[in-house]
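Novice: In order, the protein sequence lines correspond to chains D, H and S.
Quick note: the first sequence uses the working numbering, first residue 3, plus one each step.
Quick note: the second sequence uses the working numbering, first residue 11, plus one each step.
Quick note: the third sequence uses the working numbering, first residue 29, plus one each step.
Any given hint could be a false lead.
[What the hints assert, rightly or not] Computed cross-link-like contacts, DSS-like style, restricted to lysine-lysine with a CA-CA straight-line distance of at most 25 Å: (1) S:K485 to S:K130; (2) S:K465 to S:K402; (3) H:K334 to D:K119; (4) D:K40 to H:K55; (5) H:K55 to D:K57; (6) S:K60 to S:K130.
[Claimed, not checked] Computed footprint of chain H on chain D; a stretch qualifies when at least three of its residues, placed anywhere within it, have a C-beta under 8 Å from a C-beta of chain H: (7) 20-30; (8) 38-44; (9) 71-79; (10) 106-120.
[Unchecked claim] Counterexamples of contact, computed for chain S against chain D with all Cβ distances above 12 Å: (11) F58; (12) L69; (13) A116; (14) K189; (15) F191; (16) V192.
Please keep in mind that the hints were generated in silico from the structure rather than gathered at the bench.
Glycine included, every Cβ here is placed at the ideal spot set by N, Cα and C.
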Amino acid sequence: MLENYFPVLIFILVGLAFGCVPIVLGRLAGPHRPDAEKLSPYECGFEPFEDARIKFDVRYYLIAILFILFDLEIAFLFPWATILKEIAATEGLRLFGFFEMMVFLGILLIGYIWVWKKGALEWE
Amino acid sequence: MDGLLQPVVDLFGPTWPLVWTLVKIVAIIAPLMICIAYLTLAERKVIGYMQVRIGPNRVGPLGLLQPIADGVKLLLKEVIVPSGASKGLFIIGPILAFAPVLAAWAVVPFSDGMVLANVDAGLLFLLAITSLEVYGVIVSGWASNSKYPFVGAMRAAAQMVSYEISMGFALVCVLMISASLNLSDIVMQQGQGRFADMGLGFLSWNWLPLFPMFIVFMVSGIAETNRAPFDVVEGESEIVAGHMVEYSGMAFALFFLGEYAAMWLVSALTSILFLGGWLSPVSFLPDGFHWLFIKVAAILFLFLWARATFPRFRYDHIMRLGWKVFIPITLTWVIVVAVWMLSPLSIWK
Amino acid sequence: MNFVVPNFAPAYAELFVAAMGVVILLVAVFLKQSARPFAYLASLATLLGAAFITWYTMDGQVSYTFGNMYIDDLMGDVLKLMVYFAMAVTLLYSRGYLTDRKMDRPEYFVLATFATLGMMVMISANHLLTVYVGLEMLSLSLYALVAFDRDSARSTEAAMKYFVLGALASGLLLYGMSMVYGATGSLELSGIAQAIYHQAGNRTVLLFGLVFLMAGIAFKLGVVPFHMWVPDVYHGAPTAVTLLISTAPKLAAFAMTMRLLVNGLFELADQWQAMLMFLAIGSIVLGNIAAVAQSNIKRMLAYSGISHMGFMLLGLLSGVVDGDSRLALNAYGSAMFYAVVYVLMSLAAFGMVILLSRAGFEAENIDDFKGLNKRSPWFAAMMMFVMFSMAGVPFFVGFFAKLAVLQAAVAAGYVWLAVLAVMMSLIGAFYYLRVVKVMYFDDPLDASPISASADLKLVLSANGLAIAVFGLMPSQLIESCVAALAGSF
Numbered sequence: 003m004l005e006n007y008f009p010v011l012i013f014i015l016v017g018l019a020f021g022c023v024p025i026v027l028g029r030l031a032g033p034h035r036p037d038a039e040k041l042s043p044y045e046c047g048f049e050p051f052e053d054a055r056i057k058f059d060v061r062y063y064l065i066a067i068l069f070i071l072f073d074l075e076i077a078f079l080f081p082w083a084t085i086l087k088e089i090a091a092t093e094g095l096r097l098f099g100f101f102e103m104m105v106f107l108g109i110l111l112i113g114y115i116w117v118w119k120k121g122a123l124e125w126e
Numbered sequence: 011m012d013g014l015l016q017p018v019v020d021l022f023g024p025t026w027p028l029v030w031t032l033v034k035i036v037a038i039i040a041p042l043m044i045c046i047a048y049l050t051l052a053e054r055k056v057i058g059y060m061q062v063r064i065g066p067n068r069v070g071p072l073g074l075l076q077p078i079a080d081g082v083k084l085l086l087k088e089v090i091v092p093s094g095a096s097k098g099l100f101i102i103g104p105i106l107a108f109a110p111v112l113a114a115w116a117v118v119p120f121s122d123g124m125v126l127a128n129v130d131a132g133l134l135f136l137l138a139i140t141s142l143e144v145y146g147v148i149v150s151g152w153a154s155n156s157k158y159p160f161v162g163a164m165r166a167a168a169q170m171v172s173y174e175i176s177m178g179f180a181l182v183c184v185l186m187i188s189a190s191l192n193l194s195d196i197v198m199q200q201g202q203g204r205f206a207d208m209g210l211g212f213l214s215w216n217w218l219p220l221f222p223m224f225i226v227f228m229v230s231g232i233a234e235t236n237r238a239p240f241d242v243v244e245g246e247s248e249i250v251a252g253h254m255v256e257y258s259g260m261a262f263a264l265f266f267l268g269e270y271a272a273m274w275l276v277s278a279l280t281s282i283l284f285l286g287g288w289l290s291p292v293s294f295l296p297d298g299f300h301w302l303f304i305k306v307a308a309i310l311f312l313f314l315w316a317r318a319t320f321p322r323f324r325y326d327h328i329m330r331l332g333w334k335v336f337i338p339i340t341l342t343w344v345i346v347v348a349v350w351m352l353s354p355l356s357i358w359k
Numbered sequence: 029m030n031f032v033v034p035n036f037a038p039a040y041a042e043l044f045v046a047a048m049g050v051v052i053l054l055v056a057v058f059l060k061q062s063a064r065p066f067a068y069l070a071s072l073a074t075l076l077g078a079a080f081i082t083w084y085t086m087d088g089q090v091s092y093t094f095g096n097m098y099i100d101d102l103m104g105d106v107l108k109l110m111v112y113f114a115m116a117v118t119l120l121y122s123r124g125y126l127t128d129r130k131m132d133r134p135e136y137f138v139l140a141t142f143a144t145l146g147m148m149v150m151i152s153a154n155h156l157l158t159v160y161v162g163l164e165m166l167s168l169s170l171y172a173l174v175a176f177d178r179d180s181a182r183s184t185e186a187a188m189k190y191f192v193l194g195a196l197a198s199g200l201l202l203y204g205m206s207m208v209y210g211a212t213g214s215l216e217l218s219g220i221a222q223a224i225y226h227q228a229g230n231r232t233v234l235l236f237g238l239v240f241l242m243a244g245i246a247f248k249l250g251v252v253p254f255h256m257w258v259p260d261v262y263h264g265a266p267t268a269v270t271l272l273i274s275t276a277p278k279l280a281a282f283a284m285t286m287r288l289l290v291n292g293l294f295e296l297a298d299q300w301q302a303m304l305m306f307l308a309i310g311s312i313v314l315g316n317i318a319a320v321a322q323s324n325i326k327r328m329l330a331y332s333g334i335s336h337m338g339f340m341l342l343g344l345l346s347g348v349v350d351g352d353s354r355l356a357l358n359a360y361g362s363a364m365f366y367a368v369v370y371v372l373m374s375l376a377a378f379g380m381v382i383l384l385s386r387a388g389f390e391a392e393n394i395d396d397f398k399g400l401n402k403r404s405p406w407f408a409a410m411m412m413f414v415m416f417s418m419a420g421v422p423f424f425v426g427f428f429a430k431l432a433v434l435q436a437a438v439a440a441g442y443v444w445l446a447v448l449a450v451m452m453s454l455i456g457a458f459y460y461l462r463v464v465k466v467m468y469f470d471d472p473l474d475a476s477p478i479s480a481s482a483d484l485k486l487v488l489s490a491n492g493l494a495i496a497v498f499g500l501m502p503s504q505l506i507e508s509c510v511a512a513l514a515g516s517f
């Protein structure tokens, strides 16, 4: 089965190559006349006055953490979703197979409600 | 066919599988690039007509050579690397934004058996590789070392990951019904069911039982690609062009290509997951690639229509829609579908 | 599909605590500010309910469930009961402290409940992954708790240190687990024991795994040379959290050590004995000497905790002599007794620190205990009991705990080790007695009477008296520890 993935690997490499080629071509075909003004960061025509790597809103960090949680949950849902038909067809496993995942979803849901009530999803 | 190819196979010997794969990849990428190029023209034309303008019509007949002229122009522009930027990352950024969208096409089936890699974990691969797009955005925003790109990248990244969650839940729903991660199987499964037996295949497709997910997936797709009305990243009145501010020439072109390639990809995925891929809507018409193309084109038209119609969302509204509306809806629907499947009323035995 | 629904009965207490934790979290977030006591009362009720469940399902039988990932035996039940008790006392002591500092947010009690759950899972783990899950559940709750006073730079710094080092230790532990798994092909502790018994697997890989496991365990116990976090975290955390960290988790760490080393890697006893010996000597020496130099009582108690954990290890390492495990039960029993007694003393010691603290004032320094006798002779006496017991003055319970482990060490033939430990505890007596001296012979810096709620005073008095009273009947306690272990090993 693994050889099925060989074309995928090749495609990824080709994709990367396709990304690199235009930049190289552009460098070769386009002019190259840098000067200090041209190379300075864009700041609406003003002189840039400080480093751009500034402190940013902690909410982005929060979103990143929440994203990881939910994305992991989706990753855990995938195998369950794939065999749900089989679960539905197996007597005796049906309820257990369903409620196990509901417990999992429920725990996440409680976290979600808590986060919501605590105001972590607000952007004002 | 085999007889004709035999001398060529012999010529390449053991490297033949590689060569043949490359040929197939070129056969996917070349039309795709043309499609991407002409989507830009279509966009300008469609929006032009919607606003009672004509759109580009000077370069070639009906403006048909416009995308080529644009490409040549960008090619001849200087690629500026700002003095404060992290040089390596600055160059990698646009490549990271473009390459994954292209590589995702490896598992997309165009018709029955017409797929480069018919892998069993196709959907998982798509989920993984489309997640990589956010790196392109955040790397370029950081590497530019300039304030607008930085803020723009933060916003774009937060927006993309937020909508990825609801997309993921929508995928889970499709997965429950099809019981397979293989995209071809997902399409074939949509050809079965009571309505398909009656000859009305389009009523058996996933869009009907998963209607809320279908809508959520499409809207999230627009948000994922940072298209209007979710294009605060490029909200020119606030942060100029977001993470792309410092890019010029071909480096900028890569972002541009990446965005339009992503539009094609999202439309193709919507067609495959919810609209039966290459299946014909009614039994008296034959299945085939043309159906997929028609469906994709229709969804793309919706994308353009949305851009021409809706004003831009405010950023807090975008985040609220993603976190407080879409996630509850999709989560609920996952449970609804699960209950439905386990109940005697299940239509997917 | 071959699938059996697991038997939940042995884990009812865990399920109950987990459900209650979730309920408290959810209800508290919807409650108004004025309904604050809810979380406190509900978490106490949770501990009480769990104690009932554990008590009534305690049958002395060893039962496994969840595909042998989980074990329910007498040692587990006894330790769990101790954990509930220690947590309940902790919450009781903490209440007023938290209210005074506006930190009595429901999350404190929720985190404490989840930490309890983590400890219970650790205690009942029969599988490397279960050990890890329980450990992480406990540690993550503790990291958050240490940072609970989030406006305090010291508290957040302590939490950061604890988190970074704790993550490193978890990494080491996991690394060791994966090596043990690689060598034995089993994640289940009894399976590992069998595989080693049958000489399966690569012994070098196994020993490497053991070393990493040991590093992880040593970090969680807080023994030398993995003790660096202990003083900083004890000092930086709000006293209520220090109280929590220094008590119940030690019992869970003891259980984890027993499960991993004795249940799982018993055949390697000659190897881990040597390592434990190194850890024990280091802890006893460094803990006692460094504590002398402290002027902050939380730091002093932190170093004293390091040395106490060293003493506990003395008992653990004395179990097996030349592959003969006849002495094991007594030795492990003495270690368990030591852990239990330490928890009792630590509760009372930090309880005293909390008692003397008020809103806006932390009684953190030894100087804050000056002249306590003039302010409150009763609590000065209580503190004296605690200090005497920790120092190992005869006829307090701490003396018998030390005696038990020393006896075990001597019985195993480690006379020199016992002599060293006694010498070090003599040095240790100095700093404990210094506290007693300032309480009785110095003038108070602040003569105001002690203001604290009645329940704190009552329970703290009971705690102090217990240390004195148990000293009168140590043999029953030791015997019950031995009996609890007898079913498991």
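Novice: For each hint given before, does the structure comply? Return the numbers of the non-compliant ones in rising order.
Specialist: 4, 5 and 11
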